[in-house]
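> Chain by chain, the residues:
Protein chains: 2
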Amino acid sequence: MQDTSESYEVPDISDIRKAHQRISPSIRQTPAINEKALDELLQCQVWFKCEHLQRTGAFKFRGASNAIALLRESGVRGDVATHSSGNHGAALALAARLDGRTAHVVMPENASPIKIEAVQRYGGEIHFCEATQSAREAGLAKLVTAGNIPIPPYDDNAIIIGQGTAALELLQQVSGLELVITPVGGGGLISGTALVASGLGVRTIGAEPAGAADTATSLKQGSRVDSWQPETIADGLRALVGVRNFGIIQNHVEAVLTVTEDEIRNAMSLFWQYFRMLIEPSSAVVLAAVMKHPELFSGRNVGAIVSGANIDPLDWAKLTSEST
Amino acid sequence: MQDTSESYEVPDISDIRKAHQRISPSIRQTPAINEKALDELLQCQVWFKCEHLQRTGAFKFRGASNAIALLRESGVRGDVATHSSGNHGAALALAARLDGRTAHVVMPENASPIKIEAVQRYGGEIHFCEATQSAREAGLAKLVTAGNIPIPPYDDNAIIIGQGTAALELLQQVSGLELVITPVGGGGLISGTALVASGLGVRTIGAEPAGAADTATSLKQGSRVDSWQPETIADGLRALVGVRNFGIIQNHVEAVLTVTEDEIRNAMSLFWQYFRMLIEPSSAVVLAAVMKHPELFSGRNVGAIVSGANIDPLDWAKLTSEST
Numbered sequence: 005m006q007d008t009s010e011s012y013e014v015p016d017i018s019d020i021r022k023a024h025q026r027i028s029p030s031i032r033q034t035p036a037i038n039e040k041a042l043d044e045l046l047q048c049q050v051w052f053k054c055e056h057l058q059r060t061g062a063f064k065f066r067g068a069s070n071a072i073a074l075l076r077e078s079g080v081r082g083d084v085a086t087h088s089s090g091n092h093g094a095a096l097a098l099a100a101r102l103d104g105r106t107a108h109v110v111m112p113e114n115a116s117p118i119k120i121e122a123v124q125r126y127g128g129e130i131h132f133c134e135a136t137q138s139a140r141e142a143g144l145a146k147l148v149t150a151g152n153i154p155i156p157p158y159d160d161n162a163i164i165i166g167q168g169t170a171a172l173e174l175l176q177q178v179s180g181l182e183l184v185i186t187p188v189g190g191g192g193l194i195s196g197t198a199l200v201a202s203g204l205g206v207r208t209i210g211a212e213p214a215g216a217a218d219t220a221t222s223l224k225q226g227s228r229v230d231s232w233q234p235e236t237i238a239d240g241l242r243a244l245v246g247v248r249n250f251g252i253i254q255n256h257v258e259a260v261l262t263v264t265e266d267e268i269r270n271a272m273s274l275f276w277q278y279f280r281m282l283i284e285p286s287s288a289v290v291l292a293a294v295m296k297h298p299e300l301f302s303g304r305n306v307g308a309i310v311s312g313a314n315i316d317p318l319d320w321a322k323l324t325s326e327s328t
Numbered sequence: 005m006q007d008t009s010e011s012y013e014v015p016d017i018s019d020i021r022k023a024h025q026r027i028s029p030s031i032r033q034t035p036a037i038n039e040k041a042l043d044e045l046l047q048c049q050v051w052f053k054c055e056h057l058q059r060t061g062a063f064k065f066r067g068a069s070n071a072i073a074l075l076r077e078s079g080v081r082g083d084v085a086t087h088s089s090g091n092h093g094a095a096l097a098l099a100a101r102l103d104g105r106t107a108h109v110v111m112p113e114n115a116s117p118i119k120i121e122a123v124q125r126y127g128g129e130i131h132f133c134e135a136t137q138s139a140r141e142a143g144l145a146k147l148v149t150a151g152n153i154p155i156p157p158y159d160d161n162a163i164i165i166g167q168g169t170a171a172l173e174l175l176q177q178v179s180g181l182e183l184v185i186t187p188v189g190g191g192g193l194i195s196g197t198a199l200v201a202s203g204l205g206v207r208t209i210g211a212e213p214a215g216a217a218d219t220a221t222s223l224k225q226g227s228r229v230d231s232w233q234p235e236t237i238a239d240g241l242r243a244l245v246g247v248r249n250f251g252i253i254q255n256h257v258e259a260v261l262t263v264t265e266d267e268i269r270n271a272m273s274l275f276w277q278y279f280r281m282l283i284e285p286s287s288a289v290v291l292a293a294v295m296k297h298p299e300l301f302s303g304r305n306v307g308a309i310v311s312g313a314n315i316d317p318l319d320w321a322k323l324t325s326e327s328t
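Those protein sequence lines, which keep their order, are chains G and A.
Note that this note's numbering has the first sequence beginning at 5, numbered continuously upward.
Note that this note's numbering has the second sequence beginning at 5, numbered continuously upward.
Rather than coming from a laboratory, the hints here were simulated on the basis of the structure.
Nothing here was measured: the structure is a model prediction, and the numbers come from that model.
Watch out, some of these pointers could steer you wrong.
Identical copies carry no separate label here, and so any pair may be met within one copy or between two of them.
Heads up, simulated SDA-like pairs for lysine to any residue below, C-alpha to C-alpha not over 20 Å straight-line [claimed, not checked]:
| hint | residue 1 | residue 2 |
| --- | --- | --- |
| 1 | 322 | 273 |
| 2 | 224 | 203 |
| 3 | 322 | 205 |
| 4 | 322 | 118 |
| 5 | 22 | 224 |
| 6 | 40 | 140 |
| 7 | 146 | 325 |
| 8 | 22 | 325 |
| 9 | 296 | 322 |
| 10 | 296 | 106 |
| 11 | 322 | 117 |
| 12 | 146 | 228 |
Assemble the whole structure, with the sequences as input and the hints as a guide.
Encoded structure:
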């Protein structure tokens, strides 16, 4: 699925502004929220951009909506396909359905029940496969051969600029932000964010679990790590960073911080204590990183993108009760 | 604590507009959200006003903030006091703290741990008492004698107009709403809502659990029921409707619908399925009532105020797993 050439056309903030206009009718403009009582604890002012309240429970709906809207604008008809064990599948299912298309989603047999239900609820057609990368890719290839249009989860300009619209909104909603922090998985969210933030003179920082630190490692060694065995509860961040995404990160992201599993669990608890919302582990890495690095954040005005809420409440309770 | 005279000065929408200006610096302007996929199931368009995302996790922060701001405007100094087993205590604790005051909260010994923690987190001082109404009132009387200013939870004009600001925002955020539905407990939220909605030509409907149907019963018999043994999982709706509140409901609320415990549990599940947010049972009554009464809601543009998110996720999981 990935183009292996080394140069790509890199979008900029004007592309993201256009994407925002394009998808505005279907996305939710999510709130940016702040709680002074939490700020006192963190010793900085943090505005959380609530993408976990986005339709389908994750920022992924922005990129999927933009990809579908671009097909519509170009007059390209037909159904779409992807492989996903996570939030991209549900997002694409809804975005496609709202445009009168069907999304075919290749999912591993061991995908979590709530993710399967979500794809079904939004009208996606699931094609189960073995839980291996090769089976997923073979499943997708078959669907594409049958005429469906592939929509990749992150290593794609339409997706990147779609995800960037979250940061665009955040920087419009809250003035005076000095830096924005996002989770890093495949890199769709952070690369879109970095394009917006750098265009507005704002710094971008990433956060990822130490057990899925392929991006931090890639930055350190100066080239993209192409193999990593992820071990983390943050299931949304287990993917390897994409090729296009890594290029943008190298050029526009100041640092990618890593946090431990316990720091993630504690941040999930803390977010609930102050905001009464459950966020998935992948979201909590940003709060964990802010707490861990006062030398970077203390006294600053920080925007933190909270990426998703797709976790079973029982799993949330189990994970947070294990925190130290 | 209640004035027993039969006439009170009844506020109107202009008082609520003033209250909104007064508390705007400290409250969150919560989002109003809609999900077409859920609308298709409900056969009407429902915009949910997310007061469960209000500071302290409930609309109660609006009324408490207004009461405190009025004290400040009048130059009245000093600490405040209330009795609460629920969301009003935490809301008053934060509102007082932001104004440099301490809130003294009389709480029954058997109050839930998350409610106790919330009061403490926001700097409230807890005074435990036996779990009886008379012990709560005696505890509060003692605090008032000691010089603290009592802030009642609902039967009070400052509180009513503060709670009304949620509906004011909702009707500004979403145009074309034909009716607004809110939960009914003590009646602070619905009475403030009804004053706003009637002022704008919008209908108001209430929802309460069948096991705490004192307001529906009061409306039917034409006078306020002054005793009821509530039996419901919706702990925020167990209070008897207040005197002032009932007067406003009689004049401005079209109907108060009742729902069963199972309907409440199902609505909690459904809200999570489509919005990935946990809401407490007291909030879910509005969605349950919309589902139960297509003859009232079908084809309509409905605003539904979601009142609170203060439920332990394990309790949420337990309650929803018991639904049929």
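> Any hints this thing doesn't respect? Which numbers, in order?
2, 3, 5, 6, 7, 8, 9, 10 and 12
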